[in-house]
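In this text, residue positions in the sequence shown follow our numbering: the first is 867, and each later residue adds one.
Derived from the structure by calculation, the hints contain no laboratory data.
Careful: at least some of the hints might be erroneous.
Derived Cβ-Cβ restraints for the label pairs, each shown as a range [what the hints assert, rightly or not]:
hint : residue 1 : residue 2 : range
1    : Arg901    : Leu965    : 19 to 25 Å
2    : Ala946    : Thr885    : 22 to 28 Å
3    : Arg923    : Glu967    : 20 to 26 Å
4    : Phe874    : Leu965    : 16 to 22 Å
5    : Leu912    : Gly958    : 14 to 20 Å
6    : Glu956    : Leu912    : 19 to 25 Å
7    : Thr915    : Ala884    : 29 to 35 Å
8    : Glu960    : Arg879    : 19 to 25 Å
9    : Pro905    : Glu960    : 16 to 22 Å
10   : Arg917    : Thr889    : 46 to 52 Å
11   : Gly971    : Ala929    : 31 to 37 Å
Cβ coordinates follow ideal geometry from the N, Cα and C atoms, glycine included.
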Amino acid sequence: MGAAASRFPPNSRYHGIATATLTLPDGRQVAYLRRRFVPQPETLALLYTVRVAEGDRLDNMAATHLGDPELFWRIGDANAAVRPDELTEEVGRELRITLPEGIPGIENG
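Could you build all of it, start to finish, from the sequences and the hints given here?
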């Protein structure tokens, strides 16, 4: 196995993802980041939903709702986005704002 992925800050989607090493046929070793598995949106605890307004950008929405513009990828994960930039193309679209993966929410009811 490779070294721990501590090179990535806590707000990175790659934080906690392990690295591995591949030995090439010529003997050189190449370090690489292991695959990140995107969580299923329904497994993420919902905080609330928001509607896209004219001119919204995902980084600004992340800053407003998650406190950090670099957490835009969490909005993408929460809404099953293959291309997160498409999430703000439709004014009025409802977006899920969720807790991070592995953090349970409070059950309603």
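Now the hints, each set against the structure:
1. Arg901 x Leu965: 19 to 25 Å: holds (23 Å)
2. Ala946 x Thr885: 22 to 28 Å: holds (27 Å)
3. Arg923 x Glu967: 20 to 26 Å: holds (23 Å)
4. Phe874 x Leu965: 16 to 22 Å: Holds, at about 20 Å.
5. Leu912 x Gly958: 14 to 20 Å: Given a distance of about 19 Å, which is inside 14 to 20 Å, the answer is holds.
6. Glu956 x Leu912: 19 to 25 Å: holds (20 Å)
7. Thr915 x Ala884: 29 to 35 Å: With Cβ atoms ~33 Å apart, the hint holds.
8. Glu960 x Arg879: 19 to 25 Å: Because 23 Å falls inside the window, the suggested range holds.
9. Pro905 x Glu960: 16 to 22 Å: holds (19 Å)
10. Arg917 x Thr889: 46 to 52 Å: Distance hint for Arg917, Thr889 holds at roughly 51 Å.
11. Gly971 x Ala929: 31 to 37 Å: At roughly 22 Å between Cβ atoms, Ala929 and Gly971 fall outside 31 to 37 Å, so the hint is violated.
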